[in-house]
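Turn these sequences into a full structure, and let the hints guide you.
Quick note, the sequences are listed as chains L and S, same order. Numbering follows the numbering used here, in which position 138 of the first sequence is assigned residue number 138; successive positions increment by one, without gaps. Numbering follows the numbering used here, in which position 102 of the second sequence is assigned residue number 102; successive positions increment by one, without gaps.
All the pointers check out, no bait thrown in.
List time: in silico DSSO-like cross-link candidates among lysine-lysine, alpha-carbon distance up to 27 Å:
# : chain 1 : residue 1 : chain 2 : residue 2
1 : S       : Lys30     : L       : Lys20
2 : S       : Lys3      : L       : Lys153
3 : S       : Lys3      : L       : Lys124
4 : S       : Lys198    : S       : Lys110
Simulated from the structure, these hints should not be mistaken for laboratory data.
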Amino acid sequence: MSTINDIFLGCKRGDAQSQKLLYKQYGPVLKGICGRYFKDTALCSDMLQDTFIKIFDKISQFNEEGSFEGWMKRIAVTTCIDYIRKNKTRFTAEEIDANSDFVQENEEEEYNIVNEILEIGFSKQVLFDFLHQLPDKQRLIFNLFCLDKLTHKEIAEKLDTSEAMSRKLLCKSRETLRVLLTQYVQQHKMLVKT
Amino acid sequence: MKKNIEDLFSETLTDFEQDLSPIDDLNFEKIIAKKPSFWNKNIGYILATATVVGVMLYIGFKPNNETVERKNNLIEDTNSNSVSATQSIIDKDVLEQKNIENEQIKDNSKIQSQKEKHRFTTNTQNAAPTQNVVETGLKPGQEPITNNAIEQMSVKEPVVENIEPEMEAIKIKPLRKRHTIVKRDTIFNQDTLRKILKNR
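Structure below.
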């Protein structure tokens with residue numbers, strides 16, 4: 001069984017067998033990242049393909065100090081963001097106004113719902129589906145901030161928008177998810193009662 | 001520990017894996033097939049090298065062209081110089097030829113004038129006896145020309161002054177001769193003298 005180091009060295013040499021191994025081993029994870037950003041499965045597959053093309057093309061630039069897996073994940077996220085930017089996702093003033101009426105988040109209520117979810121149990125796919133129920137821009141900001149750990153400043157720079165817009169959209173996405181999770185808990189309680 | 005929605009999703013979905021579909025496998029096969037070739041990988045370097053080589057060749061050949069041009073110019077210059085030299089030689093020859101011709105013309109003219117003078121002197125010398133004949137055959141009523149009258153007429157000879165300087169020496173002699181001849185003869189027919197002077 002080849003280790004990640006052997007696979008990396010093989011890919012650096014341009015060995016097709018090593019590339020195939022890398023794809024089999026890290027393809028699902030990278031596809032999961034692309035899947036968080038795009039609902040469309042075909043588009044998700046295209047992003048995965050682009051990600052691997054970039055990985056094989058720039059593997060010699062990897063300095064081997066950090067994690068190779070982390071480096072590949074960053075490439076996947078960057079590929080998705082580049083695609084979104086190319087398709088001119090703009091955050092207009094109308095959207096700020098439309099999002100300005102979001103309900104002030106209630107932290108205590110949020111903690112309770114999360115605790116209930118953790119108690120009743122859930123699958124990754126359920127949360128993945130909740131994420132895909134978010135509007136595109138809310139999902140994008142939530143992904144970047146909560147899952148890919150970008151700051152609001154970095155998000156604003158990458159998406160050519162303001163930090164305030166990023167914060168507002170994040171709050172809105174959390175509110176939407178809280179509502180969705182509440183509905184899920186209530187449905188589960190109903191099912192248990194019946 | 002209390003967890004919020006962010007924590008819940010980040011802990012759950014960070015390493016969320018999606019199964020690879022047959023489409024993904026196909027796409028990957030395309031990636032392997034599309035693996036950049038040597039040409040595609042090094043196109044930048046190849047083009048850059050070609051450009052640099054091209055520029056270097058251009059720069060390298062340019063002075064050679066200049067030297068060739070310079071050589072051509074030199075050859076042209078030398079040709080023109082030689083042409084001018086030959087031209088000057090020809091010019092010199094022509095000048096010499098002209099000078100010779102001029103000298104010949106001068107000599108001819110001298111000879112001609114000498115011949116003419118010679119003819120003149122012979123005529124005058126030959127005319128002397130006729131003068132003597134004329135001298136004796138004075139018509140009645142005709143006044144004899146005195147020595148004074150002859151001297152006056154000989155003084156009136158401006159034609160001698162107009163003769164070219166080199167010819168002067170030649171022309172003086174017959175005049176002197178004539179003068180002596182005239183001196184010797186005291187009496188002349190006026191018409192004869194006029195004729196003599198006119199012929200001169």
